[in-house]
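**Student:** Using the sequences and the hints given, assemble the complete structure.
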Amino acid sequence: MKRAITLAGGGPAAGLHIGVLKRLAEQKITFDVWALSCIGAWVGLVYNQCDPGKEVQQTYRFFRDGVFRDDDSYSRFPVNTVFGPDNRANLGALFQFLLDPTNYKNVVMPNEILRSVSSTMDMMTDKSKWNEGDINRWWLNDVLAVNPMSRFMTSMMYLSNISGLSRILYPESSFMKAIKFHRLYEKDKPFIFHNAWNISKKELQLFCNKPGFKPKDYKCITPASLCACSALPFVEETVTIEDDIYCEGALVDTVNFKRLLEDHPDLDEVWISRIVSSGQVRPPLNIAEALGNLCMLFAATVGEDDVKLFRYHVKEDPRWKRVQIVEIQVPHHITFEWTRGNLDHGCKLGYRAADDAIKKL
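Adding 16 to a residue's 1-based position in the sequence shown gives its number in the working numbering.
Hints were generated in silico from the structure; no laboratory data involved. We put the beta carbon where it would ideally sit given N, CA and C, even for glycine. Each hint should be verified, as a subset may be incorrect.
What the hints assert, rightly or not - Here are the simulated DSBU-like pairs of lysine-lysine, each with C-alpha atoms no more than 30 Å apart in a straight line:
hint, residue 1, residue 2
1, 232, 218
2, 274, 218
3, 364, 205
What the hints assert, rightly or not - What follows is a set of in silico ranges between Cβ atoms, one per label pair, in the way DEER data are often shown:
hint, residue 1, residue 2, range
4, 69, 299, 28 to 36 Å
5, 74, 297, 29 to 37 Å
6, 297, 193, 35 to 43 Å
**Tutor:** Here's what the structure looks like:
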């Protein structure tokens, strides 16, 4: 029997994948093909470069000690340990912005200032506008939008040449060197591939650990490709590979089902471990949760649709009717925090979800 597993995206809920892999390893269920995206690529690549027999333990330790933050520390610094600011790029963008004379144009707008004075007088004399909505709009347009310093700082924040909030790709860092990429290319390794979106060419690019695999449009897995596949807009910087710019591919194709079936037509089983679902979206209590929802809403619907398409094509296309799909159900009661407690919680949920899937076989 030839099996494949797809590990999809979901960032801080990486523990779900680790728990799933732990239960499958106990059942001695192995895979010939690994189709990965986003955090699923990180878990899958780390897992497959570990020492034989120690994959689960070493993968867990890699994420616990190298990515996730202690719960008490996270409570007042809600960022994982690897989303560091790109200080050199940020300073370069700052100086470039400050030294460009065109960025000082339209900072002071006398006509707008006069208009805001008139609008303010009208606001003060018209009691019908003394409500929260009109006051906040007045503050935006007649205070902040006309203040030269506010205008300059806002344009510097939004319009300087900064493509993301953080950067992970530092090939010489101890964090990246902890992943032994050369082990992925050993002869006994399964076929492993992950995706990333090529912004320059407007196409999905696949990266694998088998050089020369046909079709030849696969590129080799590298530290850069791994960081590219998780470069989520407004979270991570884009990654440049061979002059092309890449960002996360999971928001385009979550489970890589089309190429998985086309390039591996002899598959018998496909196991799907997907993290994000629309049922997990909850009313945000702060900006961190609101940003999480922004990404999760798109990722959830894309992922759900991908799995539906996957099932449809397997059912309708005679080439793949024999393929059995085993979907590990996504638990709704998970959280998206980069805490060690949440990692452990996800591991337990993933373990139980995989156990349920095994029992249904």
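**Student:** Holds or violated: residue 274 and residue 218, Cα atoms, limit 30 Å.
**Tutor:** The hint holds at about 18 Å.
**Student:** Quick one: are residue 297 and residue 193 within 35 to 43 Å, going by C-beta?
**Tutor:** holds, 37 Å
**Student:** Taking the beta carbons of residue 69 and residue 299, is their distance inside 28 to 36 Å?
**Tutor:** violated, 44 Å
**Student:** Would you check the hint for residue 364 and residue 205, treating anything up to 30 Å between C-alpha atoms as holding?
**Tutor:** holds, 27 Å
**Student:** Between residue 232 and residue 218, does the CA-CA distance stay at or below 30 Å?
**Tutor:** holds, 18 Å
**Student:** Can the suggested window of 29 to 37 Å be confirmed for the beta-carbon pair residue 74 and residue 297?
**Tutor:** holds, 33 Å
Hint check: a violation occurs at hint 4 only; the rest are consistent with the structure.
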